[in-house]
Structure formats: C-alpha cells, structure tokens
Amino acid sequence: MSDLHEPLLRWYDEHARELPWRGPQASAWSVMVSEYMLQQTPVARVLPVHEQWLERWPTPAALAAEPTGEAIRMWGRLGYPRRALRLHAAATAIVERHGGEVPADAEDLRALPGVGDYTAAAVAVFAFGRRHAVLDTNVRRVLARADDGVELPPANVTKPERERATALLPEDDAEAATWSIALMELGALVCTAARPRCGACPVADLCAWRAAGHPAYDGPPRRGQAWAGTDRQCRGRLLAVVREADGPVRASTLARTWDEADQRTRCLAGLVEDGLLVRDGEGYSLP
DNA sequence: GACCCGTGGCC
DNA sequence: TGGCCAAGGGT
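Here the numbering used here is used: the first sequence runs in plain steps of one and ends on residue 270.
Just so you know, these hints were derived from the structure itself, not from any lab.
In this text, a Cβ means the ideal position worked out from N, Cα and C, and glycines have one as well.
Be careful, since some hints might not be right.
[Claimed, not checked] Estimated spans, in silico, between C-beta atoms of each pair:
| no. | residue 1 | residue 2 | range |
| --- | --- | --- | --- |
| 1 | Arg239 | Asp88 | 45 to 51 Å |
| 2 | Pro198 | Glu90 | 37 to 43 Å |
| 3 | Pro153 | Trp210 | 38 to 44 Å |
| 4 | Ala44 | Leu2 | 21 to 27 Å |
| 5 | Ser235 | Ala177 | 39 to 45 Å |
| 6 | Thr24 | Gln246 | 21 to 27 Å |
| 7 | Glu265 | Asp242 | 20 to 26 Å |
| 8 | Ala177 | Thr236 | 39 to 45 Å |
| 9 | Pro198 | Glu227 | 43 to 49 Å |
| 10 | Arg206 | Glu154 | 37 to 43 Å |
| 11 | Arg5 | Glu227 | 31 to 37 Å |
The task is simple: from the sequences and hints, build the whole structure.
Written out as structure tokens, the structure is:
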C-alpha cells in the first residue's frame, strides 16, 4: 500500500473539528466521558450532554459521590442508559483503585466497567498520548476501503485488521496519536458509510476501493436493528417516563405508556434487574 | 458468535 | 417511508 500518512495528517491539520474533549486543555476524565457517550451515539447529540456532565461532575470522585439515578437522569436521551450506569461504576472503581485519577495504562482502563478494546485504546491514546491502534468503526471502514478495496469491514474486528492497524502506527507516540484520530476523523467526515465524499478525500488516489470502481458490499448480510414493538422500545419508553418524573411513578401510570401488559411487566422487571429502576411502595423511581 | 441494549437524523 | 447508521460493550 502506498503511504497514507502524509496526506492524511495534512488533511487532519486543516479539517479537524474542534471538540471539547480534544486538545491539551481537555482532562482525561473529559476524554473518558466523551468515549462512553460516543459509543453508538453521534457527536452532535453528545455535545450538550457532555458539557453539562463535566460541569456538574468535573472529576470521577464527584460522580462517584452521587446516586446512580442522577447519572441516569443526566444521561437524558443519549440512548443505551446502561452506559450511564457503567460510567458511574467506572468512576467508583477509579476512586477505589486509582486514587481518583483516570488510569493511563490501557490494561487498567480495559478492566473498568463499560470499557472494551476500543475505549481502552481511545482513552490511552487521546488522553495520555500512548501508542495503541484505535480500531473503531470509522478506522476499520477507511482501512477496508483504502487497503482491501472493499466497501465495508467484517462484522467483528479480526486479527489481521488489528495487526495491520498496529503496523501502520507511526513510531513516535505523539504522531501515532494524531494519526489515529486523523484516521477516525476521515471516516467520520469524508469516508462515510453512506455516500462517501471521495472528491474531498486526501487519499483518494491511493484508495483500492475507488480504484476498483467502488464495488458494492458483497459480504454476509448485516442484521438490521428491529425497533417497533421490541423490548428496547418498551424499556426506553418506560424509563423515559420515570426519568422525566419528579417522584415515584405508579404502575398504573406506566400502564398507559405501553399497552401489552406481559411485555411491560417483563421490561419493568428487566429495568429493575439492570439497576436502571427501583420499585417501592409508591411505584418506580430512579435508583 | 449471536444476540441484546436506545435514540434520532438522514436520504 | 423506512431501512440504515452512529467514536461499542456485555453476556
């Protein structure tokens, strides 16, 4: 493969978005919070919640001192509210195991609740300048296209993908960090999943997928996310009602937000089981 | 590896 | 209009 580094780094220098969790002024905690919120959630929706979150809880200790229900409420409509629970649990673990400081070591990060391979690498690289391959959906798509000549990467990260991404890292730590975020930014802004803007791509002339004439994806079918009538929709609606309420919400009130009684009961039990709701004599509340 | 977990914008 | 998609992680 031809060398993507120079044109990509030059492009990033010119086109990078200014985001509150980027740059030398951002704390490691700010970076970590952003990474939790950005899991499957677009930047535009994360921005306002991230700002409120950091204002209220500027440190892991500040968050850990609050009930989990406060985190669920502040999470608002970002989706996947268990992430709020995991972020709270991670803050608690950071206080207990790391003296209240976000750990810089990827292995320590990986051990925190809600931190997988991607998030551990992202925090280590973006907050601490460590040298790791950062394999998110953007990076994987860019490399699949530029390098492999296919439209989309496999469903799950493969060993060859990880080895290649590691081999592409510049030797210098700081340059490797910039390279990783530049690759992500290109995927987010130019080499998008739908309607890629190849005319604006700094490495278009090096791209194997473009050279092959943009062949359509021909891998195994990708499962869509069912929504209407699912437990996820039911859970979301039930939790939204409690989240917006001041006090406990009676079961009879919740019954009006979802018709099917069996599904409603099952979902309420699941929400309690997950720690997203608590039930007392008055009804359902945030924990 | 399959499946589950929210929410909303886009074309 | 509705399927697709968004800086994944847990089980």
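Results for each hint:
no.: 1; hint: Arg239 to Asp88: 45 to 51 Å; in the structure: holds, 50 Å
no.: 2; hint: Pro198 to Glu90: 37 to 43 Å; in the structure: holds, 39 Å
no.: 3; hint: Pro153 to Trp210: 38 to 44 Å; in the structure: holds, 42 Å
no.: 4; hint: Ala44 to Leu2: 21 to 27 Å; in the structure: holds, 24 Å
no.: 5; hint: Ser235 to Ala177: 39 to 45 Å; in the structure: holds, 44 Å
no.: 6; hint: Thr24 to Gln246: 21 to 27 Å; in the structure: holds, 25 Å
no.: 7; hint: Glu265 to Asp242: 20 to 26 Å; in the structure: holds, 23 Å
no.: 8; hint: Ala177 to Thr236: 39 to 45 Å; in the structure: holds, 40 Å
no.: 9; hint: Pro198 to Glu227: 43 to 49 Å; in the structure: holds, 48 Å
no.: 10; hint: Arg206 to Glu154: 37 to 43 Å; in the structure: holds, 40 Å
no.: 11; hint: Arg5 to Glu227: 31 to 37 Å; in the structure: holds, 32 Å
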